[in-house]
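Student: Given the coordinates of chain A, work out where chain B should sit on it, guided by the hints.
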Amino acid sequence: MTTPWIATGLSDDLPCGGVMAGRWQDTQLAIWRSASGQLSAWKDRCPHRGMRLSHGFVRGETLSCIYHGWVYGLDGACKHIPAHPALTPPAAIRVEAFVCVAQDGILWLAPAGALDAPPSLSGLRAVRSISLTCGVEAVLAAEPDLSGHDMLRGAVNLAGQMHDICLLAQAKPDGITLHALSDPRADPVHVSRWLEALRRRAEERVAA
Amino acid sequence: MIASQVLNEWYPVAMEQQIRAGQRRDTQLLGMPISVALQDGVIAVQGPVRTFPVILRFGHVWTCPGTPAHDLFTVPEADQPGRRLVDVGVVRVKCSPLRAVENFLDIAHFPFVHTDVLGAEPHTEVNRYEVQIREDSDEVWATKVTFYQPQAAKSAEGGGQTEYMYRVPAPTASVLYKTCPARPGEWDVIGIFVQPLSEELCEVWPWMALFDDVTPQADLIAFQQMIFVQDRSILENQLPRLLPLDPGMEIPTQADLTSIAYRRWLKKRGLTYGAQMVAA
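As you go down the protein sequences, you meet chains A and B in turn. Straight run, no breaks: the first sequence in the numbering used here ends on number 220. Straight run, no breaks: the second sequence in the numbering used here ends on number 267.
So here's chain A without its partners, still in its complex pose (with noise of 0.2 Å):
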């Protein structure tokens, strides 16, 4: 069986230093990029109070939680507490970490252990992310010249001219969010008012 990949969002979107909530099916996960491009996904929870790890800070190559400060590096394991400053942690506390890969401008997440790569989508340029209200049928509805499930791909007629087009179908428990790729030669200006626009109808499908 291949992994399942799911796309949580663009690659831009996370620079060094950053960090954001993301999801793969139902886990939610904190997503950071260190100092030097490092990526990371892990469970977001902080094992100590349970405390969500997106909201904390990236220094350096390391994660902290934005509760009590813990820290942790690279592979998951905590490093410090600050409330202990002697205390070597011990090697149990570790958070939960998945698999994120940047790949065409896209990341992508899968459980640890994933030994495969993502579908590559080269040729293509990531737009942006779009959350909508509705479910992928609602999108197929009003949208005919794309087809798929988690990945909808069609021409599409953007200023009098037909470009190669790509969203990435991310369910979340309120509907869904769209990672949007185009050919290099679209505008991306006019990719982002077409997919307003396909959000707005997408919406008022469901809504009707």
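Rather than coming from a laboratory, the hints here were simulated on the basis of the structure. There's no promise every hint is true.
To be verified - Examples of chain B residues lying across from chain A (beta carbon under 7 Å, computed):
(1) Ala95
(2) Phe99
(3) His101
(4) Glu112
(5) Pro171
(6) Gln217
(7) Ile221
(8) Leu226
(9) Gln263
(10) Val265
What the hints assert, rightly or not - Subject to a maximum C-alpha distance of 20 Å in a straight line, what follows is the list of computed SDA-like cross-link-like pairs (lysine to any residue):
(11) B:Lys131 x A:His96
(12) A:Lys55 x B:Glu108
(13) A:Lys55 x B:Pro239
(14) B:Lys254 x B:Ala169
(15) A:Lys184 x B:Glu237
(16) A:Lys91 x B:Gln241
(17) A:Lys55 x B:Glu237
(18) A:Lys91 x A:Val70
(19) A:Lys55 x B:Lys254
(20) A:Lys91 x B:Glu223
(21) A:Lys55 x B:Ile238
(22) B:Lys81 x A:Pro185
(23) A:Lys91 x B:Gln119
(24) A:Lys91 x B:Glu112
(25) A:Lys55 x B:Arg228
(26) A:Lys55 x B:Leu226
(27) A:Lys91 x B:Pro109
(28) A:Lys91 x B:Gly172
(29) B:Lys141 x B:Gly172
(30) A:Lys55 x B:Glu223
(31) A:Lys91 x A:Ala109
(32) B:Lys81 x B:Gly235
(33) A:Lys184 x B:Leu226
(34) B:Lys81 x A:Lys91
(35) B:Lys81 x A:His96
(36) B:Lys81 x A:Leu164
(37) B:Lys81 x A:Val70
(38) A:Lys91 x B:Pro239
(39) B:Lys131 x B:Gln119
(40) A:Lys91 x B:Thr240
Where is the CB? At the ideal position from N, CA and C, for every residue including glycine.
Tutor: What follows is chain B alone, placed relative to chain A:
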């Protein structure tokens, strides 16, 4: 079905002054709709089928939806001459009422959540302190708690070592005593009274009894509100929302001795409304 131990406790449900001023408060307690209002000049709490007993204390209205197992706790220091009693108002927080109390007992978060006010790096160390469950009063107490604070109170100028004592006299209320900047040798008293609307939603009433003749009331309230709003950003983002009483769910350290004692005390007394007993 709510355990009788939970029903037989006292809970804060309103600020006395607001009800006296003629405001009626329709709210919730342990998931039950209640209303707090003046009836013939007396403050009454109306439950779904009957009126509940009322105690007016610390500027707040307290009620018990069951049969009171004991009197509401007292804070003798609040009656000392020269203290200013400050009702801060209410902050609604989407968390377990027990998580709100536990956060109040915690000092290790000061440098990270109340940065440059109640704490600041590199002064992050929590020294060993003493914790006990006092058998005579059946209260959790932490004493000899010390911590470096850049601005311990609205009246404080510059940083310094602050000493604290913490006390949990009721399942959803806590009172702390801390070094008083204006009057060395005395304690400032700060409480939080937590109204459990449901297991995962509460309203928090901070309250203060301070020696401070200088700071305007509005500034005292704003200071405490600022602190609590910073706490709210944590409380609404802890997972799970219920307080885990299963020791395997979270990893405490020596700095968490007060919280460990609080969790044990809740468990022993069956006060598990807002708690999670086994890992989900």
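Student: Mind checking the alpha carbons of Lys254 (chain B) and Ala169 (chain B) for me, to see if they're no more than 20 Å apart?
Tutor: 39 Å, violated
Student: For the hint on Ile221 (chain B), just tell me whether its beta-carbon gets within less than 7 Å of chain A.
Tutor: Holds, because the Cβ-Cβ distance from Ile221 (chain B) to chain A comes to roughly 5 Å (cut-off 7 Å).
Student: For a C-alpha distance cap of 20 Å, please report whether Lys91 (chain A) and Pro239 (chain B) respect it.
Tutor: Holds, at about 15 Å.
Student: Does the alpha-carbon distance linking Lys55 (chain A) and Lys254 (chain B) stay inside the 20 Å limit?
Tutor: Distance of about 28 Å is beyond 20 Å: violated.
Student: The hint names His101 (chain B) as touching chain A; please verify it with the least Cβ-Cβ distance against 7 Å.
Tutor: 12 Å, violated
Student: For the pair supplied as a hint, Lys131 (chain B) and His96 (chain A), confirm whether the alpha-carbon distance does not exceed 20 Å.
Tutor: The hint holds at about 17 Å.
Student: Mind checking the alpha carbons of Lys55 (chain A) and Glu108 (chain B) for me, to see if they're no more than 20 Å apart?
Tutor: 26 Å, violated
Student: When you check the alpha-carbon spacing of Lys55 (chain A) and Pro239 (chain B), does it fall within 20 Å?
Tutor: 19 Å, holds
Student: Was the hint right that Pro171 (chain B) lines chain A, CB cutoff 7 Å?
Tutor: 27 Å, violated
Student: Would you settle whether the hint for Val265 (chain B) is holds or violated, based on the nearest Cβ-Cβ distance to chain A being less than 7 Å?
Tutor: 15 Å, violated
Student: Does Glu112 (chain B) pass the interface check with chain A, least Cβ-Cβ distance below 7 Å?
Tutor: 5 Å, holds
Student: Can the restraint linking Lys91 (chain A) and Gly172 (chain B) be considered satisfied, given a maximum Cα separation of 20 Å?
Tutor: 39 Å, violated
This entry does not satisfy hints 3, 5, 6, 9, 10, 12, 14, 15, 19, 20, 23, 28, 32, 34, 35, 36, 37, going by the numbered hints stated previously.
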